[in-house]
Structures are given as C-alpha cells and as structure tokens.
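Use the sequences and the hints to build the structure in full.
In the numbering used here, the protein residues as written are 1 to 423.
Because the hints were derived from the structure by calculation, they are not lab data.
Heads up, none of these hints are tricks.
Per label pair, the in silico range of CB-to-CB distance:
#1 T67 <-> K93: 22 to 28 Å
#2 K420 <-> L13: 33 to 39 Å
#3 Q350 <-> Q37: 36 to 42 Å
#4 E29 <-> P110: 20 to 26 Å
#5 G189 <-> E29: 51 to 57 Å
#6 K392 <-> L364: 23 to 29 Å
#7 A254 <-> G356: 57 to 63 Å
#8 Q21 <-> A139: 28 to 34 Å
#9 E389 <-> G347: 15 to 21 Å
For each residue, glycine too, the CB sits at the ideal point set by N, CA and C.
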Amino acid sequence: MSISIPRGTQDILPEEVELWQQIETKARELCRNYQYQEIRTPIFEHTELFLRGVGDTTDIVQKEMYTFEDRGGRSITLRPEGTAPVVRAFVEKKMFGQAQQPVKLYYMGPMFRYERPQAGRFRQFVQFGIEALGSTDPAIDAEVISLAMNLYKEMGLKKLKLIINSLGDQESRKAHREALVNHFKPRIGEFCHDCQTRLEKNPLRILDCKQDRDHELMKTAPSILDYLNDESKAYFEKVKQYLTQLDIPFEVDAKLVRGLDYYNHTTFEIMSDVEGFGAISTLCGGGRYNGLVEEIGGPNTAGIGFALSIERFIAALKAEGIEPNVGEGIDCYLAAIGQEAKDYTVGLLQQLRLAGFSAERDYLDRKIKAQFKAADRLKAKYVATLGEEELKNNKISVKNMATGEQTELALDAFVEQFLKLHG
RNA sequence: GCGGCUGUGGCGAAGUGGUGAACGCACCAGAUUGUGGCUCUGGCAUUCGUGGGUUCGAUUCCCACCAGUCGCCCCA
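Here it is in structure tokens:
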C-alpha cells in the first residue's frame with residue numbers, strides 16, 4: 001500500500017454511484033416541481049463569511065473548519081455548510097432585486113468539516129439543501145419541510161421522525177435568554193465546562209448539552225415555547241397547521257436548538273427511526289434565519305432552508321433494506337475470432353453505439369469461450385459472433401442469450417437488421 | 001480532542017513462538033482445438049499494517065506509530 005485516501009473521505013465506486021444518481025435525480029425532479037432553482041457556489045470562501053454567517057460560538061467555526069492561507073495571504077475556508085455561501089451570492093448578485101420573488105434556490109455538493117470520522121460522519125460529505133429567501137409566510141416553512149420529507153418518502157424511506165420547534169423572533173429569544181441566564185447562573189458551577197462558557201455566549205445551547213441533561217435545573221429550565229410572544233406563537237401555530245394539512249406527522253421538541261447561531265422561529269430535524277441505525281440519526285436539519293441576509297450585508301430579508309446529507313440518506317436506505325434498481329444489461333456483445341474479425345468489430349461496435357445500442361467487445365485477446373463468459377457477466381441480451389466463416393460469407397451470427405436461439409444476419413446490413421431483431 | 005475494538009492474498013476468513021501460512025468466494029487455464037450461466041481438474045500470499053524490542057527463532061509476545069471502525073463532544 002502506498003498512498004491512501006485521506007481520513008474521513010471516501011471513494012464512491014461505480015456500483016455505489018447508481019444509488020447516488022437516483023437520489024440526485026429525484027432531488028432535482030422534486031426541486032423542479034417545487035420551483036427551486038439550482039445555484040452553484042464555490043467550494044471555498046473567505047473565512048470571514050463563515051465567522052459571520054455561521055456564528056463564531058459554534059463548533060463548526062471553533063474547531064471544524066478547513067482554513068488555510070492562500071498564496072496571496074488571504075484566509076480561505078473550504079465551505080462547512082451551504083447556507084452562508086448561498087446568502088453571500090444572493091447579496092452579492094443582488095438577487096433580492098430580481099423579478100421572481102421569493103428567491104427559491106437549491107444546491108448539491110461537497111462540504112468539509114475537520115472532525116473525527118465515525119458512522120454517518122465524514123470530513124468531506126455531500127449536502128443537498130434548499131433556501132427560500134424573501135418570504136415570511138409560514139406556508140413556505142411547511143413547503144420547505146415537505147420537500148425534504150417527500151424526497152425521503154419517494155426514495156422509499158418509511159421510518160422517519162420529524163421534530164420541530166420554534167425559537168421565536170428576536171424579542172422572544174431575548175426574553176427567553178434572560179430567563180435562562182437567571183435560571184442557570186446561581187448554580188452554573190455544577191455544570192460542565194462547555195456549559196459555563198455557553199451561559200454567556202449562547203445559553204440556549206445549554207439545553208442541548210448531553211452531559212448535563214440529567215441535572216435538575218435542566219428539567220425545570222424555562223421552555224422557549226413559554227416565552228414566545230403572540231406573533232411568534234401565531235406563526236408557529238400556522239406552521240403546525242399547514243404540516244397537519246399536508247399529512248406530515250411531527251413532534252414538537254422545545255429542546256431542539258440546532259447548532260448554528262443564525263436560526264430563529266421554525267427549526268426542524270428529520271431523523272431516521274430505524275432500529276440499529278448508527279448513533280447519528282439526524283438525516284436533515286434546517287430552520288428559519290430571518291437575520292442572516294442582513295448580517296451578510298444585504299437588505300433585511302427573511303430566509304428558511306434545510307440541508308441533508310446524501311451519505312446519511314444512503315445509510316438510511318440501506319438500514320431500511322432498500323436496494324437501488326439494478327442496471328440493465330448491455331444490448332450487444334461483439335465476439336470475434338481471429339485478427340481479421342477483431343479488426344472488423346472496431347467499426348461495427350461504433351455503428352451499434354451510434355445507433356443507440358450499448359455495446360462492448362473483448363480487449364484482452366480472450367478466447368471465444370471467455371468472450372461469452374464476459375458477455376454473460378455484462379448481462380448482454382445478444383452476442384454477435386464474427387469469425388472466418390462469417391467474414392467469408394458476409395454473415396454474422398447473433399445469439400439471443402436468454403433463449404439460446406442463434407440466427408445469422410447479413411454482415412453489411414448488421415445494424416439495420418439487429419435493430420429489427422432487438423425490437 | 002478523548003475512549004473501545006480491529007489490521008493475514010482482489011474479497012471474506014482460520015491459525016501457531018520453530019522446516020513449506022488452512023479454507024471459502026472471486027479470478028485465470030484446461031476438460032469442451034468457434035459459443036455463457038452447471039460440473040470436474042489445476043493455478044493463484046518469498047508473506048501475515050509500519051517501525052522497533054524480547055528471543056536461538058516471531059505472523060504469533062511487548063512497545064510505539066499509522067490506518068480502519070465504532071462511540072463521546074458536536075453535527076449533515
């Protein structure tokens with residue numbers, strides 16, 4: 001073994017690519033129906049974008065970014081998530097001014113986070129995500145959630161769990177934040193080191209702490225849902241109403257906070273509910289981020305979106321025993337005996353392919369028997385054999401591999417006659 | 001960043017401190033000198049992750065490192 005693949009990355013081999021493409025195709029199709037358009041942003045951005053966009057108290061920024069200095073001395077970061085880059089493009093290309101509003105975008109591509117790999121976690125992974133910018137209608141929250149749910153369902157996943165929460169607007173968050181600080185401050189010494197830091201920076205995330213989850217103050221902690229002002233409460237109710245209307249079951253979890261700083265109002269997560277799935281069961285996460293566009297330097301614009309990982313999608317499909325459709329066999333394998341015949345197949349092969357058939361031949365100078373074996377492995381529907389006899393008589397033998405039937409076609413009209421035979 | 005487990009041919013997998021490292025699958029060849037899927041026969045690891053140590057001797061014992069894997073933190 002010489003050089004190996006970098007830690008946390010993976011080669012997706014042809015066999016596996018089949019499933020990837022099925023998911024990608026389904027996602028694009030769904031986006032078309034929902035009227036989300038693809039946007040492609042660079043794989044790296046100025047580090048500053050993520051510091052501002054993702055939030056400098058987050059784990060992503062604090063310990064997971066692939067950051068380096070380029071030759072011009074600029075600090076560059078491989079994108080750890082897709083929302084900040086999309087918002088950057090939205091602001092920079094002034095999409096807030098385009099005729100079609102709200103602006104509904106989707107992206108699909110690799111993201112990078114420097115983490116210790118484990119089941120369902122990679123250093124390079126592929127996210128599919130959508131963003132709807134410029135609307136505060138709760139119906140679009142439901143639309144975003146439903147797109148993700150429908151993608152999973154259409155690929156065959158059954159065991160899904162949707163969890164939603166509302167963090168409320170600025171005013172509600174502020175009131176809740178104060179209540180949290182007052183609640184934890186007197187006894188913060190009993191909490192883990194991280195929580196002590198969180199108290200000042202982002203007390204909301206204390207609720208998310210797994211280490212101190214059993215502490216009595218956790219159970220009595222003020223719930224965000226009790227601090228939503230009337231407007232926020234009404235908004236959340238409307239989102240839930242639409243989800244119900246769409247027959248999408250959900251669970252409300254007031255502790256669902258999400259790791260990124262920019263969220264407000266609706267947050268949600270879709271988890272796999274399959275027995276024996278890895279420790280990481282979150283398939284998709286998202287939420288509303290009404291202040292983010294302004295933070296990045298654009299006009300006050302509402303936004304909501306989600307991101308899901310294709311790797312975890314595939315893991316969930318496998319956990320539920322869903323197999324990709326196996327590829328069809330090839331139409332014709334050209335077997336040849338003797339150099340003259342082998343030379344002749346070069347042209348025939350091209351004719352077949354240009355006529356729309358999938359066709360293959362032997363390139364390892366194998367014997368006829370081995371060529372048939374290869375054809376069988378390719379699940380060839382027909383094998384056309386060309387030898388001295390055929391060449392002499394301007395014929396080519398064509399065998400139907402399923403029935404074993406063999407017929408002869410005119411060599412100089414092979415493709416036309418094969419077209420009829422193949423149907 | 002921390003912890004558990006693992007590291008033998010293309011893949012799966014047994015094994016022992018001491019001449020030649022089971023077996024299965026896959027692959028290749030032949031039986032069948034121009035025809036696949038079945039069967040039979042034969043072939044296929046100067047070598048047991050890397051480096052060091054213990055020993056007369058190590059794939060097997062010890063240490064370090066590396067890699068994989070699962071979990072913690074956190075996330076997609």
